[in-house]
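Asks: As a plain string of letters, each chain reads:
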Amino acid sequence: MPRNTGVAASIIGRMQLTLLNWLLALLPVLVILVLMLVFNWGGSRAGAASWFIAILIANQVFAADARLIAYSQAKAIILSLNVLYVIWMALLLYHIADEAGAVKMIGESLPRLTSDRTMQALLLGWVFISFLQGLGGLGVPVAVTAPLLVGLGFSPVQSVIIASLGHAWAVNFGSMATAFLTLLAVTNLPAELLAPPAAVLLGSAAVICGVVVAYLAGGWKGLWRNLPATVLLGSVMGGVQYLLVVQGVWTLGTTGAAMAGLLVGIGWAHIQRARSPQPAPPPATKAIANLPADGQRRSLPLSFSAYAVLVVLAFALNLIHPIKTVLDRVQLRLTFPELQTGMGYVNSAESSRQISVFGHPGAILLYASLIAFAVYSLAGYYRPGAAKRILERVGRGAVTSSLGVVAMVGMAVVMSQSGMTSLVAEGVSRSFGERMFPLVSPFIGVLGAFITGSNSNSNVLFAVLQMRTAELLGLSVPLILAAQTAGGSLGSIIAPAKVIVGCSTVGLEGKEDQVIGKLLIYGMIPVVFVAIMMLFLRGT
Amino acid sequence: MKAVEQNHPTANNGSQGNGRRARFQRLVLALLLIVPFGLYLALDAGNDLLAIFFFSLITICMALMVWKG
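Chain order of the listed sequences is G and C. The numbering of the first sequence is the working numbering, which starts it at 1 and goes up by one. The numbering of the second sequence is the working numbering, which starts it at 1 and goes up by one.
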């Protein structure tokens, strides 16, 4: 694409690109950075504080009037609801399975397939944790998997690092693609355009994450011994993820990929066991694992049934058009008038992103949750009062993260509507230029995730900025946005908030610095790989 | 798994203070999810007074989030 210098003038209106204006436009983001990293504030509190800063600067410096600011909050709530619908329902499905003992059953069965410690770490700390991430994030995958790795004999620090790195590639299309959904919401671009390049970058990063996990678990020897399995599993997961998102089933990008990875991994472990004489692990895959506290036996296929139902429903409801048409009949959508700041920055009249009440990915998760609850109930997997406990856990898990999403989206939309994001993008584009920006782009995503602890929030903060910068530099917008969300996905694992959750489950409270230091080194390997890929892909 | 249950990010530590904080957070979240629709309707109807009222509610919720954490 040729560089279009005319775009710059139309994007930033009469705003002057000076260092002071640029810093003021960036100030809300800097405030979040300082409050979260220096003062250890949570995302919701820091987001609310920066919301005030954003409104003050938008009004006083960038001449956004009260009407524009008020409309921006109405826009923000539609964007927030699009994301929250999925977060709430993904948490519901996770807790329905967890309360039934299904998550524990799956996690304990996998290491019994092989006596090779590196392969155990790969199955549990790379494939299984990615599967968990596919269903719901918020630190839960690391909290579940790290103690299981400790139980296999890995050190607590090693366990948290393996678990964190193992699912880094899976965050963007994980949690029912919440982060990707956020990317779509804030950029208003179609999934067909953004999903394929994101899947290519993250699918490739999946292999690198597996290689690093194998090295961390078994050293060079373990890595070399399991390199064929790592490449095969990584290719399968990356390939399946790509196929799913290209087919439009991006909500299942990670879940489907990890399920394929689990199947191939189990098959590979069986073949290896048949080929070489190893100490026979206890048979667990056929039916029975350890008895849980209630003494009720859990079957592996039945434990997986909740997710199998979800996969079938997601495919059916997305690909069978008559059903989709019926479900999409009830839509929530707002229309907004053209709004302009006193500095001539124009927001065209537009409709918000629509929310299909019964056909939304969140609704599909709800249907799967209800069916899974019925299946586990019929199987007798629940103790009395299970429904109440599940709803309480969903409520506790959802509220804080929801407040964070609402506050940060509110702030980001004010920045975007008042032209502050475009001015920051203009400054960034002039500083780096079209040759260097693709290399820097994933690191901006990492920075956002590191600050906010979330791939979704990184996209809220920086996706529009990256999009505007790509437009100004004449770069491919889908590719730059793919780098943004890939960086956000890979960078979310080094966020202090997530590390604290992981450490708290393996007895490393107060020793998070031991983990963060090593994560900063190993976690950068896939990011650097993505940045190098960007250098090659920018010309395509 | 005991460690997970005890230290799980969504685990209930049962303290009264946290119960109050959770109720407060739920209330703020409910307001932040509902009030913007009122704000939109007020803006659309050209009712500036009502719009100011709804925007003030959002502002108060955000201030409470900063204050209470």
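No lab work stands behind these hints, which were simulated from the structure alone. You may find that some hints are simply not true.
[Said to hold, decoys possible] Label-pair ranges, simulated between beta-carbon atoms:
#, chain 1, residue 1, chain 2, residue 2, range
1, G, Leu37, C, Leu49, 50 to 60 Å
2, G, Leu152, C, Leu27, 54 to 64 Å
3, G, Phe39, C, Gly19, 34 to 44 Å
4, G, Gly433, C, Ala45, 44 to 54 Å
5, C, Lys68, G, Leu37, 35 to 45 Å
6, G, Arg14, C, Asp44, 25 to 35 Å
7, C, Leu49, G, Ser431, 14 to 24 Å
8, G, Leu37, C, Phe53, 52 to 62 Å
9, C, Arg20, G, Ala349, 42 to 52 Å
10, G, Val246, C, Leu49, 27 to 37 Å
11, C, Lys68, G, Ala308, 20 to 30 Å
Source: prediction; values computed, not measured. All C-beta atoms, glycine included, are put in the ideal place defined by N, C-alpha and C.
Asks: Range first: 14 to 24 Å. Now tell me if the beta carbons of Leu49 (chain C) and Ser431 (chain G) are that far apart.
Replies: Given range 14 to 24 Å: violated, Cβ gap about 45 Å.
Asks: Do the Cβ positions of Leu152 (chain G) and Leu27 (chain C) conform to the proposed distance bound of 54 to 64 Å?
Replies: Since the Cβ atoms of Leu152 (chain G) and Leu27 (chain C) sit about 44 Å apart, the hinted range of 54 to 64 Å is violated.
Asks: Verify the CB-CB distance for Phe39 (chain G) and Gly19 (chain C) against the hinted window 34 to 44 Å.
Replies: violated, 25 Å
Asks: Can you let me know if the beta-carbon spacing of Leu37 (chain G) and Leu49 (chain C) is within 50 to 60 Å?
Replies: Violated, since Leu37 (chain G) and Leu49 (chain C) (Cβ atoms, about 41 Å apart) do not stay within the stated range.
Asks: Are Arg20 (chain C) and Ala349 (chain G) spaced within 42 to 52 Å by their CB atoms?
Replies: Distance hint for Arg20 (chain C), Ala349 (chain G) holds at roughly 44 Å.
Asks: Take a look at whether the Cβ-Cβ distance between Lys68 (chain C) and Ala308 (chain G) falls inside 20 to 30 Å.
Replies: This hint is violated: roughly 42 Å between Cβ atoms.
Asks: Could you say whether the range 25 to 35 Å given as a hint is met by the Cβ separation of Arg14 (chain G) and Asp44 (chain C)?
Replies: Given range 25 to 35 Å: holds, Cβ gap about 29 Å.
Asks: Against the range 52 to 62 Å, how does the distance between the Cβ atoms of Leu37 (chain G) and Phe53 (chain C) compare: consistent or not?
Replies: With a Cβ separation near 36 Å, Leu37 (chain G) and Phe53 (chain C) fall outside 52 to 62 Å, so the hint is violated.
Asks: Is 44 to 54 Å right for how far apart the beta carbons of Gly433 (chain G) and Ala45 (chain C) are?
Replies: Distance hint for Gly433 (chain G), Ala45 (chain C) holds at roughly 48 Å.
Asks: Regarding Val246 (chain G) and Leu49 (chain C), is the given constraint of 27 to 37 Å on their beta-carbon distance met?
Replies: Given about 51 Å between the Cβ atoms, the range is violated.
Asks: So does Lys68 (chain C) sit 35 to 45 Å from Leu37 (chain G), Cβ to Cβ?
Replies: With a Cβ separation near 21 Å, Lys68 (chain C) and Leu37 (chain G) fall outside 35 to 45 Å, so the hint is violated.
Violation of the numbered hints given earlier is confined to hints 1, 2, 3, 5, 7, 8, 10 and 11; the remaining hints are satisfied by the structure.
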